[in-house]
Structure formats: structure tokens, C-alpha cells
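Peer 1: Take a look at the letters that make up each chain.
There are 2 protein chains.
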Amino acid sequence: MLTIGKLSQASGVKVPTIRYYEEIGLLPEAERSAGNQRLYGRKAQERLTFIRHARELGFPLDAIRDLLSLSDRPDQSCAAADAIASAQLAAVEARIARLTALKAELERMLIQCAGGVIADCRVIEVLGDHAKCCADHAPSGHLIEVAG
Amino acid sequence: MLTIGKLSQASGVKVPTIRYYEEIGLLPEAERSAGNQRLYGRKAQERLTFIRHARELGFPLDAIRDLLSLSDRPDQSCAAADAIASAQLAAVEARIARLTALKAELERMLIQCAGGVIADCRVIEVLGDHAKCCADHAPSGHLIEVAG
DNA sequence: TCTTGCTCCTCTAGTTGCTAGAGAGATTAA
DNA sequence: TTAATCTCTCTAGCAACTAGAGGAGCAAGA
Numbered sequence: 001m002l003t004i005g006k007l008s009q010a011s012g013v014k015v016p017t018i019r020y021y022e023e024i025g026l027l028p029e030a031e032r033s034a035g036n037q038r039l040y041g042r043k044a045q046e047r048l049t050f051i052r053h054a055r056e057l058g059f060p061l062d063a064i065r066d067l068l069s070l071s072d073r074p075d076q077s078c079a080a081a082d083a084i085a086s087a088q089l090a091a092v093e094a095r096i097a098r099l100t101a102l103k104a105e106l107e108r109m110l111i112q113c114a115g116g117v118i119a120d121c122r123v124i125e126v127l128g129d130h131a132k133c134c135a136d137h138a139p140s141g142h143l144i145e146v147a148g
Numbered sequence: 001m002l003t004i005g006k007l008s009q010a011s012g013v014k015v016p017t018i019r020y021y022e023e024i025g026l027l028p029e030a031e032r033s034a035g036n037q038r039l040y041g042r043k044a045q046e047r048l049t050f051i052r053h054a055r056e057l058g059f060p061l062d063a064i065r066d067l068l069s070l071s072d073r074p075d076q077s078c079a080a081a082d083a084i085a086s087a088q089l090a091a092v093e094a095r096i097a098r099l100t101a102l103k104a105e106l107e108r109m110l111i112q113c114a115g116g117v118i119a120d121c122r123v124i125e126v127l128g129d130h131a132k133c134c135a136d137h138a139p140s141g142h143l144i145e146v147a148g
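So the protein sequences, as listed, match chains A and B. Under the UniProt record's numbering, the first residue of the first sequence is numbered 1, with each subsequent residue one higher. Under the UniProt record's numbering, the first residue of the second sequence is numbered 1, with each subsequent residue one higher.
Do not take every clue at face value.
Identical chains share a label here; the pair holds if one copy fits it or two copies do between them.
[As the list claims (entries may be wrong)] Below, a list of computed lysine to aspartate or glutamate pairs in the EDC-like style, where the Cα atoms sit at most 16 Å apart:
no., residue 1, residue 2
1, K43, E107
2, K103, E23
3, K14, D72
4, K103, D82
5, K14, D82
6, K43, D129
7, K103, E29
8, K43, E125
9, K14, D120
10, K103, E46
11, K43, E22
12, K14, D75
13, K43, D72
No lab work stands behind these hints, which were simulated from the structure alone.
With the hints as constraints, model all of the structure from the sequences given.
Peer 2: What follows is the structure in C-alpha cells.
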């Protein structure tokens with residue numbers, strides 16, 4: 001049986017994050033020691049590893065919840081898991097496409113910025129005037145990809 | 001003079017978002033009508049357009065704040081704006097690289113999932129067992145890119 | 001003039017996926 | 001025993017908004 005700190009080391013998931021996962025029901029409530037400290041066995045460790053890998057692959061927690069409930073019923077068809085992974089793949093591809101367009105536009109801005117003065121700065125100018133940028137940005141609700 | 005709704009239409013930024021920008025000081029406090037409604041002139045509209053473009057290019061609000069304060073002093077060197085844009089470009093490139101790796105791994109998972117039963121499902125298996133996936137994921141604090 | 005229907009106001013709270021900190025108790029090594 | 005290092009619960013905070021309540025402003029038609 002591991003305490004939460006050991007589990008954290010073993011899994012690469014931080015202690016508060018483990019507690020958070022328990023709180024939102026991704027992990028079952030842990031057993032407790034006599035002194036009320038959480039204790040984890042091998043099953044919990046595997047489940048946490050599963051969650052970490054899925055997070056690393058960009059799956060949102062809701063999708064992971066679904067995948068976990070699927071993996072609890074190993075006799076069922078793989079189709080649902082496949083669908084979740086496919087959706088994630090499509091999302092990743094869309095983000096790559098979007099970011100690639102952003103990259104091109106940033107590069108264009110920067111190349112034209114010849115190191116002068118703000119008044120002539122392409123960066124400022126392009127941001128201030130839509131006519132000076134090339135890509136068409138659909139006016140979407142959620143605009144962006146922000147650095148993490 | 002535009003009311004907030006017209007400004008929203010003109011700029012493509014939602015009404016509550018405009019108020020939010022004012023609250024956090026990205027936009028100056030708007031003039032008010034006799035009935036306490038916000039009124040905007042051309043300057044505010046330009047500033048908001050600037051913000052929207054920058055957001056679309058993925059600049060975080062803090063960087064936009066810096067860019068705006070730069071653009072208020074047009075005699076200064078362009079170097080600071082250039083640095084901000086370069087940092088953003090680097091961030092975008094890093095995210096593309098990361099996402100491209102994720103994409104490859106997701107594709108590998110999916111190709112091997114032959115439409116069987118959960119027990120044999122590659123998706124579940126790979127997520128549950130790190131030995132079955134190829135890329136080395138450094139155990140980083142902030143793990144992921146999550147779909148927006 | 002009144003009413004209808006839209007906009008606008010402020011305020012609070014929720015989203016996602018955590019992270020940070022306070023103040024107190026548990027456990028372990030010297 | 002005592003000190004150091006966990007661990008506990010709780011609250012609050014991060015980005016960048018979004019949603020909703022409850023009330024007021026305003027333009028146009030009957």
C-alpha cells in the first residue's frame with residue numbers, strides 16, 4: 001500500500017492532482033490508514049497511469065471518464081473507445097492546422113518588421129488593421145490556442 | 001457613438017467579453033449615456049479590433065497589454081514588439097511539434113485497433129500500459145494540449 | 001400613452017484542470 | 001523526544017471567458 005506521495009512519485013501525477021481526481025470521481029475514494037491518510041494499491045496505480053497517459057495524449061477528463069467506464073466492461077465492442085480516440089485525433093489535427101496558419105501569419109509579420117520604430121512596425125500594424133493580414137478568421141466564439 | 005451591442009457586431013467580440021476587457025483594464029472605461037449605457041467611439045473600436053486580431057494569433061492578454069502600451073508610444077523602437085511576437089511564434093511552434101507527436105501516437109493506436117472487443121482494444125491497452133507506447137513523455141507539470 | 005420586445009445594466013457563479021497556501025494532525029528518522 | 005517531513009481539509013486563485021438572475025433603458029407600433 002502506497003501513501004499519496006509515493007503514488008505521486010510512481011505515477012508522475014502531483015499529489016493535489018490525485019486528490020482532485022478523487023474529488024471529481026475519476027478515482028474511487030481511497031482507503032484510509034488509522035490516521036486518516038490515503039492508501040493506494042496496485043489497481044489505483046494502474047488507473048492513475050491510464051489517466052496520465054490519456055491526459056498526455058490530450059484527452060479531456062470527460063473522455064477519460066468514458067474510456068475508464070469502457071475498460072471496466074471488457075466484453076463490449078471496441079467501437080466506442082475507437083470513436084473517442086478518433087474524435088481526439090480529429091481535434092488534434094484541427095488544432096495543428098489552425099496553429100500552422102497562425103505560424104505562417106506570425107512569420108510574415110516578423111519578416112516584414114525590419115527593426116525600425118513602432119510607427120512603422122508591421123507587428124502593430126497588422127494587428128490593428130485586418131486588411132493587412134491574409135488569413136480569413138471566422139468570427140468564432142472561442143477564438144484561440146493559448147500557450148500552456 | 002456605438003452601444004456595446006453594435007460594437008460587438010462591428011468587432012466580432014461578444015458583449016460580455018467587451019465588458020470583461022474593460023474590467024481587467026484592456027479597454028479604458030467607456031463613456032456612458034444618460035441612462036448609464038456604455039458608448040464607444042472609433043478609437044475604442046480600433047483598440048478592440050487590435051485585441052481581437054492578437055487573440056486570434058494566440059497572444060495571451062498580458063502580451064496584448066504590452067503590445068497596446070507599445071503602440072501608444074510610436075516613437076520607440078520596434079524591438080519590444082518584435083520580441084513579443086517572436087516569443088509567440090516560438091510558443092506556437094512548440095505546440096505544433098507537441099501536437100504532431102500526439103497525432104502520430106493516436107494514429108498508431110487507432111490503426112492497431114481492429115474493431116474487436118474492449119479486452120483486445122489497443123486504445124485502452126496503450127493508455128493503460130506505458131511500455132506499449134513509443135514516445136517518451138517527460139513527466140511535466142502541465143501535461144497537455146486540451147481541445148478548446 | 002402604453003405596451004411589447006429588445007437591449008443594456010450589475011452581480012454572482014460556473015467552466016477546465018488544476019495549483020497554492022493556511023493551519024492542523026500523522027508518521028518517521030535520529 | 002524531537003524535529004523534519006509527510007498528510008489532512010479547506011479556501012481561493014489562474015486564464016479567459018460564459019451563463020444566468022433580476023432589474024432598468026429605449027425604440028416602435030397600437
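Peer 1: Give a verdict on every hint.
Peer 2: Checked hints:
no.	hint	result
1	K43 / E107	neither (48 Å within a copy, 28 Å between copies)
2	K103 / E23	neither (39 Å within a copy, 30 Å between copies)
3	K14 / D72	neither (25 Å within a copy, 43 Å between copies)
4	K103 / D82	between (31 Å within a copy, 15 Å between copies)
5	K14 / D82	neither (29 Å within a copy, 36 Å between copies)
6	K43 / D129	between (56 Å within a copy, 13 Å between copies)
7	K103 / E29	neither (44 Å within a copy, 33 Å between copies)
8	K43 / E125	between (57 Å within a copy, 15 Å between copies)
9	K14 / D120	neither (47 Å within a copy, 30 Å between copies)
10	K103 / E46	neither (38 Å within a copy, 24 Å between copies)
11	K43 / E22	within (14 Å within a copy, 50 Å between copies)
12	K14 / D75	neither (33 Å within a copy, 47 Å between copies)
13	K43 / D72	within (12 Å within a copy, 58 Å between copies)
Hints 1, 2, 3, 5, 7, 9, 10, 12 from the list above are not met by this structure, while the remaining hints are.
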